[in-house]
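Peer 1: Residue numbers (this note's numbering), protein chains in the order written: chain A, 1 to 112; chain B, 1001 to 1116.
Check the hints yourself; a few may be wrong.
[To be verified] Derived DSS-like pairs: lysine-lysine, alpha-carbon spacing no greater than 25 Å straight-line:
{"#": "1", "chain 1": "B", "residue 1": "K1020", "chain 2": "A", "residue 2": "K1"}
{"#": "2", "chain 1": "B", "residue 1": "K1064", "chain 2": "B", "residue 2": "K1020"}
{"#": "3", "chain 1": "A", "residue 1": "K42", "chain 2": "A", "residue 2": "K68"}
{"#": "4", "chain 1": "B", "residue 1": "K1041", "chain 2": "A", "residue 2": "K99"}
{"#": "5", "chain 1": "A", "residue 1": "K68", "chain 2": "B", "residue 2": "K1064"}
{"#": "6", "chain 1": "B", "residue 1": "K1064", "chain 2": "B", "residue 2": "K1014"}
{"#": "7", "chain 1": "B", "residue 1": "K1055", "chain 2": "A", "residue 2": "K42"}
{"#": "8", "chain 1": "A", "residue 1": "K68", "chain 2": "A", "residue 2": "K1"}
{"#": "9", "chain 1": "B", "residue 1": "K1055", "chain 2": "B", "residue 2": "K1066"}
{"#": "10", "chain 1": "A", "residue 1": "K99", "chain 2": "A", "residue 2": "K1"}
{"#": "11", "chain 1": "B", "residue 1": "K1064", "chain 2": "A", "residue 2": "K99"}
{"#": "12", "chain 1": "B", "residue 1": "K1041", "chain 2": "B", "residue 2": "K1066"}
{"#": "13", "chain 1": "A", "residue 1": "K99", "chain 2": "A", "residue 2": "K42"}
{"#": "14", "chain 1": "B", "residue 1": "K1014", "chain 2": "B", "residue 2": "K1055"}
{"#": "15", "chain 1": "A", "residue 1": "K99", "chain 2": "B", "residue 2": "K1014"}
{"#": "16", "chain 1": "B", "residue 1": "K1066", "chain 2": "B", "residue 2": "K1014"}
{"#": "17", "chain 1": "B", "residue 1": "K1014", "chain 2": "A", "residue 2": "K42"}
{"#": "18", "chain 1": "B", "residue 1": "K1066", "chain 2": "A", "residue 2": "K99"}
{"#": "19", "chain 1": "A", "residue 1": "K1", "chain 2": "B", "residue 2": "K1041"}
{"#": "20", "chain 1": "B", "residue 1": "K1064", "chain 2": "A", "residue 2": "K1"}
{"#": "21", "chain 1": "B", "residue 1": "K1055", "chain 2": "B", "residue 2": "K1020"}
Hints are computed from structural coordinates only; laboratory data are not their basis.
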Amino acid sequence: KQEVTQIPAALSVPEGENLVLNCSFTDSAIYNLQWFRQDPGKGLTSLLLIQSSQREQTSGRLNASLDKSSGRSTLYIAASQPGDSATYLCAAVTSNDYKLSFGAGTTVTVRA
Amino acid sequence: GAVVSQHPSWVICKSGTSVKIECRSLDFQATTMFWYRQFPKQSLMLMATSNEGSKATYEQGVEKDKFLINHASLTLSTLTVTSAHPEDSSFYICSAERVSGANVLTFGAGSRLTVL
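Chain A on its own, in the form it takes in the complex (with noise of 0.2 Å):
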């Protein structure tokens, strides 16, 4: 069973810090990993999504990659505001089944 892990579980930071979020998971034969967002009772914003085949994704000041072999993927975040602030959580969705196995998130805080 893919077990998704998501370190450190909180993050503060001040604005305009560079941001880097860390996702882990067990089973490497994965179809493609998302990134996703969410806001205080809210539902989910997907960010990026890499493909099994990709090694990264960039989208404004979002830069996503993925290592299959070591489990990881890390989300970099450029120069951080305040609107950051939300949890970010990641998925992978794995080959076998196309299941999608959820981090249990990031909560980011930027200061102004």
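Assemble the complex: chain A is given as a structure, and chain B must be docked to it using the hints.
Peer 2: Here is chain B on its own, set in the frame of chain A:
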């Protein structure tokens, strides 16, 4: 872009009553919809996979008689929490997969259920 609507977004009910949550794909057809629940500070847990026109597939530990799922059309799936109890209080989120595949899911905004 793809939009999934969930209704209601927030519901309070008395213990013992049933609550229905709707999940609609507004601008695309979804053969498959997924239902998740999320307890505070925890990750989303898949409850069941709903396929249009067939019975839902439930994850281990999820009571199918308590969480009734109906996927009557390509744009609508419903989750009914029957005889709700306070421990059923949670945040329920649905997601829909486009018919065309690509395995990209669109998530609803979620429904917060509070059972008194």
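Peer 1: Decide, hint by hint, whether the structure agrees.
Peer 2: Verification of the hints:
1. In summary, the hint linking B:K1020 to A:K1 is not supported, as the alpha carbons are separated by about 31 Å, beyond the 25 Å threshold.
2. For the hint linking B:K1064 to B:K1020, the alpha-carbon distance of about 14 Å falls within 25 Å, and the restraint holds.
3. The hinted pair formed by A:K42 and A:K68 fails the criterion: a straight-line CA distance of about 30 Å is larger than 25 Å.
4. Taking the CA atoms of B:K1041 and A:K99, the gap is near 21 Å; set against the 25 Å cutoff, the hint holds.
5. Between A:K68 and B:K1064 the alpha-carbon distance is near 35 Å, which puts this suggested pair outside the 25 Å criterion.
6. With a C-alpha separation of about 21 Å, the suggested pair B:K1064 and B:K1014 falls inside the 25 Å cut-off, and the hint holds.
7. This hinted pair does not check out: B:K1055 and A:K42 have alpha carbons roughly 28 Å apart, beyond 25 Å.
8. Of the supplied pair hints, the one linking A:K68 and A:K1 holds, its CA atoms being roughly 16 Å apart against a limit of 25 Å.
9. For the given pair, B:K1055 sits about 14 Å from B:K1066 by alpha-carbon distance, which is consistent with the 25 Å threshold.
10. The suggested pairing of A:K99 with A:K1 holds, with an alpha-carbon distance near 10 Å, which does not exceed 25 Å.
11. Proposed proximity of B:K1064 and A:K99 is supported: the alpha carbons are some 19 Å apart, at most 25 Å.
12. Taken as a hint, the B:K1041 and B:K1066 pair is honoured in the structure, with Cα atoms around 24 Å apart against an allowance of 25 Å.
13. Between A:K99 and A:K42, the direct Cα distance comes to roughly 22 Å. Compliance with the 25 Å bound is thereby established for this hinted pair.
14. Distance hint between B:K1014 and B:K1055 is unfulfilled; the C-alpha atoms sit about 28 Å from each other, more than 25 Å.
15. With a CA separation close to 33 Å, the supplied pair A:K99 and B:K1014 exceeds the 25 Å bound.
16. Straight-line distance between C-alpha atoms of B:K1066 and B:K1014 comes to about 16 Å, which keeps the hinted pair within the 25 Å bound.
17. The hinted pair formed by B:K1014 and A:K42 meets the criterion: a straight-line CA distance of about 23 Å does not exceed 25 Å.
18. With a C-alpha separation of about 22 Å, the suggested pair B:K1066 and A:K99 falls inside the 25 Å cut-off, and the hint holds.
19. Distance hint between A:K1 and B:K1041 is fulfilled; the C-alpha atoms sit about 21 Å from each other, no more than 25 Å.
20. Proposed proximity of B:K1064 and A:K1 is supported: the alpha carbons are some 21 Å apart, at most 25 Å.
21. Using a Cα cut-off of 25 Å, the hinted pair B:K1055 and B:K1020 holds, with the two alpha carbons roughly 17 Å apart.
Going through the hint list in order, the structure does not satisfy hints 1, 3, 5, 7, 14 and 15.
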